[in-house]
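Just so you know, the sequences run in chain order A and B.
Here the first sequence stands for residues 272 to 523, numbered as in our numbering.
Here the second sequence stands for residues 11 to 498, numbered as in our numbering.
It cannot be assumed that every hint is accurate.
[Claimed, not checked] Cβ-Cβ distance ranges computed for the label pairs, FRET-style: (1) A:Ile373 - B:Gly124: 45 to 51 Å; (2) B:Arg336 - A:Glu451: 32 to 38 Å; (3) B:Gly76 - A:Leu413: 33 to 39 Å; (4) B:Lys72 - A:Pro412: 27 to 33 Å; (5) A:Ile373 - B:Pro284: 26 to 32 Å; (6) B:Arg384 - A:Ile373: 52 to 58 Å; (7) B:Asn344 - A:Gln428: 20 to 26 Å; (8) A:Leu511 - B:Ala127: 41 to 47 Å; (9) A:Leu413 - B:Gly124: 16 to 22 Å.
[What the hints assert, rightly or not] Calculated Cβ distances over 10 Å to all of chain A for the following chain B residues: (10) His16; (11) Arg104; (12) Gly201; (13) Arg217; (14) Glu239; (15) Gly271; (16) Leu276; (17) Arg280; (18) Glu379; (19) Leu385; (20) Ser399; (21) Met494.
Hints in this document: simulated from the structure, not taken from any laboratory.
Note that beta-carbon positions come from the ideal geometry of N, C-alpha and C, so glycine has one too.
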Amino acid sequence: MSSASYPTVTASKKSIQLDPRTKLLLLLTITTLMFSTSNEGIMNLIKPLLSLVPFILILSERRFQTAAKYLILYAACFALERVALIWASGLFSFVLLAVTSIMTRFAPGIMMGAYLIASTSVSEFIGAMERMHLTEKIVIPLSVIFRFFPTVSEEYQAIRDAMKMRGIRFGGKNPFLMVEYRLVPLIVSVVKIGDELSAAALTRGLGAPGRRTNLCRIGFHVQDLMAALFCVACFALFLLRPQIAFWGGVRG
Amino acid sequence: MIQIDHVTFSYGEETEHTGGVRDIELQIKRGEFAVLCGESGCGKTTITRLINGLIPHYYEGKMSGGVWVNGAEVSKQPLYDTAKIVGSVFQNPRSQFFNVDTTSEITFGCENLGQPAETIRARLERTVRDFRLEKLMDRNIFHLSGGEKQKVACAGVSIMEPEVLVLDEPSSNLDAASISDLRKTLAFWKGQGKTIVVSEHRLYYLRGLADRFIYMKGGKITREYTSEEFKGLSEQARTEMGLRTFALEQLQPPQTPQCTGTELELKQFRFAYPHGSAILHIQDCTIPAGRIVGIIGNNGAGKSTFSRCFCGLEKQCGEVIWNGKRYRPKDRLNTCYMVMQEVNHQLFTETVLDEVLISMEEPDTKQAEEILSRLDLLPFRDRHPMSLSSGQKQRVAIASAIASKRSILFFDEPTSGLDYRHMKEVAAVLRQLSTEGVTVYVITHDLELLLDCCTDIIHFAQGNIAGQYPMDAGGLSRVCAYFMGSGA
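This is chain A alone, in the form it adopts within the complex:
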């Protein structure tokens, strides 16, 4: 996770601006349908379609490299999964099948989640959650996640550098020790930052009773409607797939 994957939060006007709630719905649809189904019938069409969603969204943020990497990775795994299915013999094809099907199931959800975090500002997220009438006691801790990932990534890179500087001496000695050396300083500094952050936020009135103002303009637009319809359609096709297979069978 490089810091480069967190571009300026307020994207250029050209990108597809979705309401955070729509992004959550897309995330939910993608993760649910990618996990819960096999690769039969109509799902052979829906799955690649769903996996295209994060690609299009990342592309609209003008992060071409990330989008291309994701597309190539997904396409390769998708194709290899089919190949492995046809071979269907031997340990190698079994391992290949396992790896590629895990990748095709996880990658779209992870990318969609990464897009959600990178393209939504903390304020937008809090606003959307409040519109859904969630209590602040849940919303505030959740909103820290947006701040958390870039922080961990920054700290981790600094620790990695420090280890590199000294690491030559304890390279390869004990893998568990290496994990410990990485995690202990990471946890210590993240906890310290969290502690100071809470103090700073409290001195600026976080937790005041009464309604919190939110300056972001969030709300549903045409693109949100289209995305929502797309999600409904995917779920409908998924639920009706026995019937679809049946009709297909009758016609064929």
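Based on the hints, put chain B in the right spot on chain A.
Using the frame of chain A, we list chain B on its own:
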């Protein structure tokens, strides 16, 4: 405006010497600019926390007495009510923002208090103008420099229009240009008639702004000075009090005799990050080695990129020729050692002794103990490094650098946020390293440290070496010109 009435406070688990205060009696008038000074652990941060209510509402401990701000007892009322009258700026720019984008961060406080959206927009516009933040709006805060972050933090406090402003060592992590910006912000608030309380080690940038200096020692206020009295303090009185300089131009040139060392040659030191942010393009040249060299320059001038390249952390950059030997980046990773500003990132083990041992080629307890005793760390050999104070942690990092027997050491801001005595200690360690034949490079914004131990200066600007000169009388005036020009 602020009244602290017989307050005694001690932090929960720790011993009495770690920053608690005893029987504090202090009044600060409306519109007054007060500076809290004194050595680390004297309790000045605790006073700021008493005023903004973080004590006793966030930091727990035993407290007696009361604190009133503008007639309201802050130790009794909830923090969100205090937030309306007291604005706080903290030491570490990295840990005081809640949002990821600058605009939401600035409006965060007003939003929390539920002010109407129209009011907030109008205030935002005014704040952006007052603080000249046009270029920083709608940016990702993770991509800003420390100075820019601190500016955003000040704006985020200012927009709430508090009567009182409390700043806890706000200049600790800033370069000379950012300190000058901070001074402008403070002058702006003073002009608005705000009551300002600053707890600080660095004092020179507060000259002409502060009305009153409150000197603390061991958790007590021992003396107060008007700014006139404070200016009149002799050099000797000031250093005995453990305070940093108040007037940069009065600093004396170093008395250390000019030592001559070797030189090393830099070749092809050019570097750019994939996203084009920091760029380094140094003409092939020689720089001093075998002595203590101070590296100065504003943030973004390429100092840290240079040190990363020099130490071999960036694999592709540059070649060093030293004593007739060529060092590629990979060789330099074994020759150089960087003591980073954030020491927490480079301590890994469970005891101080282990920390030194893993740096050694052949772990040797006897030698490790000898290194520890040289740095006054022997009593802590079995302590967990993370349980030490920050100065002690830094010495542990230096101990493992010595144990690694690298011949070139880089120090990144070793004295940021340190008081006079600790700064002197660091300078003494650097000098000792130098007499042992280690080449020391120090990246620093600390003029007093430069004067105390550096023999040569390298000045960075725009990704290049803009000047290098020995630290004699002529060098001193050039260094001062740089610090004054961008400084106070």
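Inset, instruction - Give me the numbers of the hints this structure contradicts, sorted from smallest to largest. - result: 11
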